[in-house]
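Enquirer: In case you want the letters, here they are:
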Amino acid sequence: DQQVKQNSPSLSVQEGRISILNCDYTNSMFDYFLWYKKYPAEGPTFLISISSIKDKNEDGRFTVFLNKSAKHLSLHIVPSQPGDSAVYFCAATRNNAGNMLTFGGGTRLMVKP
Amino acid sequence: KAGVTQTPRYLIKTRGQQVTLSCSPISGHRSVSWYQQTPGQGLQFLFEYFSETQRNKGNFPGRFSGRQFSNSRSEMNVSTLELGDSALYLCASSEGNTGELFFGEGSRLTVL
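Sequence order for the protein chains is A and B. Using the numbering used here, the letters of the first sequence correspond one by one to residues 12 to 124. Using the numbering used here, the letters of the second sequence correspond one by one to residues 30 to 141.
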């Protein structure tokens with residue numbers, strides 16, 4: 012049973028436009044959510060996170076939105092840059108098991124110049 | 030600061046053998062977590078160690094084990110290797126317990 016799902020395996024966006032990556036979860040015990048970015052031949056890199064007590068968190072070009080009632084979160088990248096091309100993983104955890112992450116399957120983002 | 034270092038980077042084993050992977054965390058990080066990445070199952074949590082104690086454990090069989098030393102370095106061991114154990118094994122370290130992990134580049138294991 013996949014508790015965290017990223018339904019779009021890939022996304023292609025033009026440079027300068029907005030990239031929106033989506034993630035759904037089923038476990039209502041999750042209360043902290045994170046996005047990681049992964050380049051080929053590298054380990055994932057932490058990007059941004061959001062607690063379940065918030066509905067939005069912003070860090071530069073990256074904004075994560077959380078809709079608890081829909082059990083849905085999204086990552087917005089504005090403006091998208093070619094260097095953003097990577098695989099993006101959504102992850103979720105519970106407060107008492109912070110480093111035990113449940114990951115989604117990933118979305119490959121391609122930003123075209 | 031040096032990043033998370035994993036050794037070996039690549040290895041090939043045959044079914045039935047056992048393997049030990051090593052991870053050196055970022056200096057000062059006391060938590061070390063291990064994840065398995067496969068094309069079919071994605072990134073899956075194996076276990077987490079903190080101050081030499083296993084703090085969390087994922088849903089993997091007992092053939093998968095780990096330990097952490099007093100200097101926070103960690104090893105994971107897989108015994109009686111199966112073809113399905115072929116994967117990228119990622120180690121991550123953390124200062125706290127927030128899920129904000131620093132990953133190494135991984136050890137790619139191929140089981141023939």
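It should be emphasised that the hints constitute simulated quantities derived from the structure, not laboratory data. All residues carry an ideal CB built from backbone N, CA and C; glycine is no exception. One or more of the hints may lead you astray.
Pairs of lysine-lysine, PhoX-like flavour, derived with a Cα cap of 25 Å [claimed, not checked]:
| hint | chain 1 | residue 1 | chain 2 | residue 2 |
| --- | --- | --- | --- | --- |
| 1 | A | Lys65 | A | Lys79 |
| 2 | A | Lys82 | A | Lys65 |
| 3 | A | Lys48 | A | Lys65 |
| 4 | A | Lys48 | B | Lys86 |
| 5 | B | Lys42 | A | Lys65 |
| 6 | A | Lys16 | A | Lys65 |
| 7 | A | Lys48 | A | Lys123 |
| 8 | A | Lys123 | A | Lys79 |
| 9 | B | Lys42 | A | Lys16 |
Only part of the chain B face toward chain A is listed, based on derived beta-carbon distances under 10 Å [what the hints assert, rightly or not]:
| hint | residue |
| --- | --- |
| 10 | Ser108 |
| 11 | Leu112 |
| 12 | Gly113 |
| 13 | Ser115 |
| 14 | Thr127 |
Enquirer: Of all the hints numbered above, which does this structure not satisfy? Sort the numbers upward.
Expert: 5, 8, 9, 10, 11, 12, 13
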